[in-house]
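For the record, the sequence lines run as chains C and F.
For the first sequence, position 245 (counting from the first letter as 1) is numbered 245 according to the numbering used here, and the numbering increases by one without interruption.
For the second sequence, position 183 (counting from the first letter as 1) is numbered 183 according to the numbering used here, and the numbering increases by one without interruption.
Because the hints were derived from the structure by calculation, they are not lab data.
All values reported here derive from a predicted model rather than from experimental measurement.
Hints may be right or wrong, so weigh each one.
As the list claims (entries may be wrong) - Calculated pairs, DSS-like style, for lysine-lysine (alpha carbon to alpha carbon, straight line, at most 25 angstroms):
| no. | chain 1 | residue 1 | chain 2 | residue 2 |
| --- | --- | --- | --- | --- |
| 1 | C | 67 | C | 86 |
| 2 | C | 500 | C | 26 |
| 3 | F | 85 | F | 19 |
| 4 | F | 18 | C | 214 |
| 5 | C | 500 | C | 38 |
| 6 | F | 19 | C | 214 |
| 7 | F | 18 | F | 82 |
| 8 | C | 457 | C | 535 |
| 9 | C | 38 | C | 575 |
| 10 | C | 214 | F | 16 |
| 11 | F | 18 | C | 26 |
| 12 | C | 220 | F | 82 |
| 13 | C | 67 | C | 457 |
| 14 | C | 38 | F | 18 |
| 15 | C | 220 | F | 85 |
Stated by the list, open to error - Across the chosen pairs, the derived CB separations fall in these ranges:
| no. | chain 1 | residue 1 | chain 2 | residue 2 | range |
| --- | --- | --- | --- | --- | --- |
| 16 | F | 12 | C | 527 | 34 to 44 angstroms |
| 17 | C | 255 | F | 191 | 24 to 34 angstroms |
| 18 | C | 502 | F | 136 | 45 to 55 angstroms |
Virtual Cβ for every residue (Gly too), placed ideally from N, Cα, C.
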Amino acid sequence: MSSTVISHGAAHHDAHNHHHETFLTKYIFSQDHKMIAKQFLITGIVMAVFAMVLSILFRIQLAWPDKDFPILEVFLGKWAEGGRMKPEFFLSLVTIHGTMMVFFVLTAGLSGTFSNLLIPYQLGARDMASPFMNMLSYWLFFTACVIMVASFFVESGPASAGWTIYPPLSAVPTSIAGSGLGMTLWLISMTLFIASQVMGGVNYISTVLNMRTKGMDLWKMPLTIWAFFLTAIVGLLSFPVLVSAVVLLFFDRSVGTSFYLSDLVVQGQILPNEGGSPILFQHLFWFLGHPEVYIVVMPALGLTSEVISTNSRKPIFGYHAMVYSLVGITVLSFIVWGHHMFVTGMNPFLGGVFMITTLIIAVPSAVKAFNYIATLWRGNIRFTPAMMFAIGMVSFFVSGGLTGLYLGNAALDINLHDTYFVVAHFHLVMGSASIFGMLCGVYHWYPKMFGRMMDTKLGYLHFWLTFIGAYLVFFPMHFMGIDGVPRRYYSFTAFPFMEKWVSVNLLITWAAIVAGLAQVAFLWNFFSSIWKGKKAPQNPWGSNTLEWTTPVEHIHGNWPGEIPTVYRWPYDYSKPGHDSDFIPQNVPHSETMSSNMAHDFEGNEDAIRIQNEWNKANNRETIEE
Amino acid sequence: MEKTGFSTEEVIQSRKAKKFNLWLGMIGMFMMFAALSSGFIVYTASGVDKGIKTILPNIFIWSTIVIVVSSITLHLAYQAAKAEKLGKQRLLLIATFALGVAFFCMQYHAWTVLVSREIYFINSNASQSFIYIFTGLHLAHIVAGLIVLVRCFIGATNAVPFQDNQFRMNLAVIFWHFLDLLWIYIYVFLLLNQ
Numbered sequence: 001m002s003s004t005v006i007s008h009g010a011a012h013h014d015a016h017n018h019h020h021e022t023f024l025t026k027y028i029f030s031q032d033h034k035m036i037a038k039q040f041l042i043t044g045i046v047m048a049v050f051a052m053v054l055s056i057l058f059r060i061q062l063a064w065p066d067k068d069f070p071i072l073e074v075f076l077g078k079w080a081e082g083g084r085m086k087p088e089f090f091l092s093l094v095t096i097h098g099t100m101m102v103f104f105v106l107t108a109g110l111s112g113t114f115s116n117l118l119i120p121y122q123l124g125a126r127d128m129a130s131p132f133m134n135m136l137s138y139w140l141f142f143t144a145c146v147i148m149v150a151s152f153f154v155e156s157g158p159a160s161a162g163w164t165i166y167p168p169l170s171a172v173p174t175s176i177a178g179s180g181l182g183m184t185l186w187l188i189s190m191t192l193f194i195a196s197q198v199m200g201g202v203n204y205i206s207t208v209l210n211m212r213t214k215g216m217d218l219w220k221m222p223l224t225i226w227a228f229f230l231t232a233i234v235g236l237l238s239f240p241v242l243v244s245a246v247v248l249l250f251f252d253r254s255v256g257t258s259f260y261l262s263d264l265v266v267q268g269q270i271l272p273n274e275g276g277s278p279i280l281f282q283h284l285f286w287f288l289g290h291p292e293v294y295i296v297v298m299p300a301l302g303l304t305s306e307v308i309s310t311n312s313r314k315p316i317f318g319y320h321a322m323v324y325s326l327v328g329i330t331v332l333s334f335i336v337w338g339h340h341m342f343v344t345g346m347n348p349f350l351g352g353v354f355m356i357t358t359l360i361i362a363v364p365s366a367v368k369a370f371n372y373i374a375t376l377w378r379g380n381i382r383f384t385p386a387m388m389f390a391i392g393m394v395s396f397f398v399s400g401g402l403t404g405l406y407l408g409n410a411a412l413d414i415n416l417h418d419t420y421f422v423v424a425h426f427h428l429v430m431g432s433a434s435i436f437g438m439l440c441g442v443y444h445w446y447p448k449m450f451g452r453m454m455d456t457k458l459g460y461l462h463f464w465l466t467f468i469g470a471y472l473v474f475f476p477m478h479f480m481g482i483d484g485v486p487r488r489y490y491s492f493t494a495f496p497f498m499e500k501w502v503s504v505n506l507l508i509t510w511a512a513i514v515a516g517l518a519q520v521a522f523l524w525n526f527f528s529s530i531w532k533g534k535k536a537p538q539n540p541w542g543s544n545t546l547e548w549t550t551p552v553e554h555i556h557g558n559w560p561g562e563i564p565t566v567y568r569w570p571y572d573y574s575k576p577g578h579d580s581d582f583i584p585q586n587v588p589h590s591e592t593m594s595s596n597m598a599h600d601f602e603g604n605e606d607a608i609r610i611q612n613e614w615n616k617a618n619n620r621e622t623i624e625e
Numbered sequence: 001m002e003k004t005g006f007s008t009e010e011v012i013q014s015r016k017a018k019k020f021n022l023w024l025g026m027i028g029m030f031m032m033f034a035a036l037s038s039g040f041i042v043y044t045a046s047g048v049d050k051g052i053k054t055i056l057p058n059i060f061i062w063s064t065i066v067i068v069v070s071s072i073t074l075h076l077a078y079q080a081a082k083a084e085k086l087g088k089q090r091l092l093l094i095a096t097f098a099l100g101v102a103f104f105c106m107q108y109h110a111w112t113v114l115v116s117r118e119i120y121f122i123n124s125n126a127s128q129s130f131i132y133i134f135t136g137l138h139l140a141h142i143v144a145g146l147i148v149l150v151r152c153f154i155g156a157t158n159a160v161p162f163q164d165n166q167f168r169m170n171l172a173v174i175f176w177h178f179l180d181l182l183w184i185y186i187y188v189f190l191l192l193n194q
């Protein structure tokens, strides 16, 4: 038995190898899904480092609110005159940190990378449905990143209304420094970003539905693909809503309309806007904003499913339940947005409805968490760095998810809204879980992306420092939130009731600095392994999915010969009766007679008859239909 | 248009996927207008002083007729492309383009009618501002549609391979019909709320 199809009819498709490419078409304006995946990943990593540095900067302010750091002035200039960060800049830091992490890192960096890499590979497609749109998707994303970073270089500074850009701060250019040109740049950047994501998402959905190889029916797709597919659907239905919100915001800012504004006095001046409602913006924003949480976490769940099953050497527990859970999360994600707005004066009945829909999400989420644990249970676990990050992801998903039950409760949310409890919740369940899912994916599929292996020891160092660091940073925030400490406050010494938390902030900041430094181990590992890493074998993890049947060296069209046909689901690990502990999807049942089971034949009577003839000839029990 | 080295089956599969892309894109575009519709409803329900509070300009009836006719002419152009009658295809594409431009002008005229009634875009009753938003965003899509028509015309002039020309036309027809239906949706929505 062989897990490779490289020699399979190679002559037929030699043309793929003879595609003439220039440096520009191969590395810059590439239309190849593998290169675009790497572009998304590296841009995502650069954005993650940038956003992380921003977070360290505001953590320094929170830990030492009354101390001067002259070095800050060297780097930040007028934003930290005398070595003390200005409050306006603090707000910009939290705003851009959130925007970059949520959209650029955990949406584009995560989904963009792995959907691009794995959808064609795991489904057995030559490329995406529209490679040109795919390229455009990346370059729009890249331009969005450049514009967002550029906003740090305008005189009034970057946007500072929070990543949710609620009006009136976002709608009145004169309200605070960050409401000016910085906010305009934020809006332009995000518009380009949305265009990028919609183009990417359209491509992902179309490729999944139209370009699967022979035999790859929906129920033979790996969970990664299910996750990317449903994520793309969520994005397609929710991102355009944000466009509508932004269009109205743009006219309020620039033309003087009153969609969101009413009865405002700014710096002693009465604004002419009347009749608008900032709550309208919140509805439109959170109709995207909440599904966005699942756009961020579902790909991480998909990657983790694959890595946990492969490295437990066991089939994923409850494959169908895992798919239905993702579908459930997808549907529910659209009817829970109101839980972000419990304290906006919402009708309590409506609040109750949103509370119920929100709490129901706990069901599919719990199904997934239990299935991960059941997959690990009594598995022949290989603790690769990818597996460590996958388990870490499950840990964060559980510990962060539990606090969602408190926040989803409309009555409790009155106390907890806009406190550090919320910060703790979403940084664990969405931030840390998704980052760990992404890192798990990087370590696992690095050999497929670069043809080299990453260093395992550095991987472990990276994992433990980041894992412990993340808990030390976010866990104490629950207690601060319960005490009523509000988020986004610049100085903890300005309010007596918050002063006692400065010591905790000190711990959090040091943990953040150490966890931040741990990323140096990752960056070194990632970039040095591209050139100096050990050469990767074709299937380093003994995995079943189709990407590991492609050559290590990337070629145009992915497979040199015919695209392999799929005969089985992707989770035939440690199947009793088989000589190895994995059976790739492209191995026909005729080659695995000793391990075939009744359900493998899906009611095919001829196949069952042939199997029973073989069983009889080999003194084995016959199987039932 | 297609990459060399792919089998006919793979080219057909790729075309099918691209066409599907267009359908998905249209779903995305529709979501944008659905969001504006729900925004309009939420806003208008927020007070008795909100709402369109005027009769929509009659020119909208004529622009609706024009865009429906343009859909028919484009469909005939597609039939001509399928029959490999390039001259007829070009003529009908020009007609569709002219009708598209006429539609654009009529929508603009509707704005001037609204302004003459002192219903401005900048307005403390944003329900009225929404009329401009709906029609303006739809016109932005019409501009995209006109660009698509130009591309089809170039395809019919430079004699691109028959299959490619037909495929381009097929996508253009779907998109233009979508723009037509989208306008009818917007118009009916506004009529029901006037």
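Now the hints, each set against the structure:
1. C:67 - C:86: Holds, because 13 angstroms separates the two Cα atoms, which is no more than 25 angstroms.
2. C:500 - C:26: violated, 56 angstroms
3. F:85 - F:19: holds, 23 angstroms
4. F:18 - C:214: Holds, at roughly 19 angstroms.
5. C:500 - C:38: Violated, at roughly 46 angstroms.
6. F:19 - C:214: Holds: residue 19 (chain F) and residue 214 (chain C) sit about 21 angstroms apart, inside 25 angstroms.
7. F:18 - F:82: holds, 19 angstroms
8. C:457 - C:535: Since the Cα atoms of residue 457 (chain C) and residue 535 (chain C) sit roughly 17 angstroms apart, the hinted pair holds (cutoff 25 angstroms).
9. C:38 - C:575: violated, 34 angstroms
10. C:214 - F:16: Cα-Cα ~16 angstroms, so holds.
11. F:18 - C:26: holds, 22 angstroms
12. C:220 - F:82: violated, 38 angstroms
13. C:67 - C:457: violated, 38 angstroms
14. C:38 - F:18: At roughly 23 angstroms apart (the allowed maximum being 25 angstroms), residue 18 (chain F) and residue 38 (chain C) satisfy the hint.
15. C:220 - F:85: Violated, at roughly 45 angstroms.
16. F:12 - C:527: 34 to 44 angstroms: holds, 42 angstroms
17. C:255 - F:191: 24 to 34 angstroms: With a Cβ separation near 26 angstroms, residue 255 (chain C) and residue 191 (chain F) satisfy 24 to 34 angstroms, so the hint holds.
18. C:502 - F:136: 45 to 55 angstroms: Cβ of residue 502 (chain C) to Cβ of residue 136 (chain F): about 51 angstroms, so the range 45 to 55 angstroms holds.
When each numbered hint is compared with the structure, violations occur for hints 2, 5, 9, 12, 13, 15.
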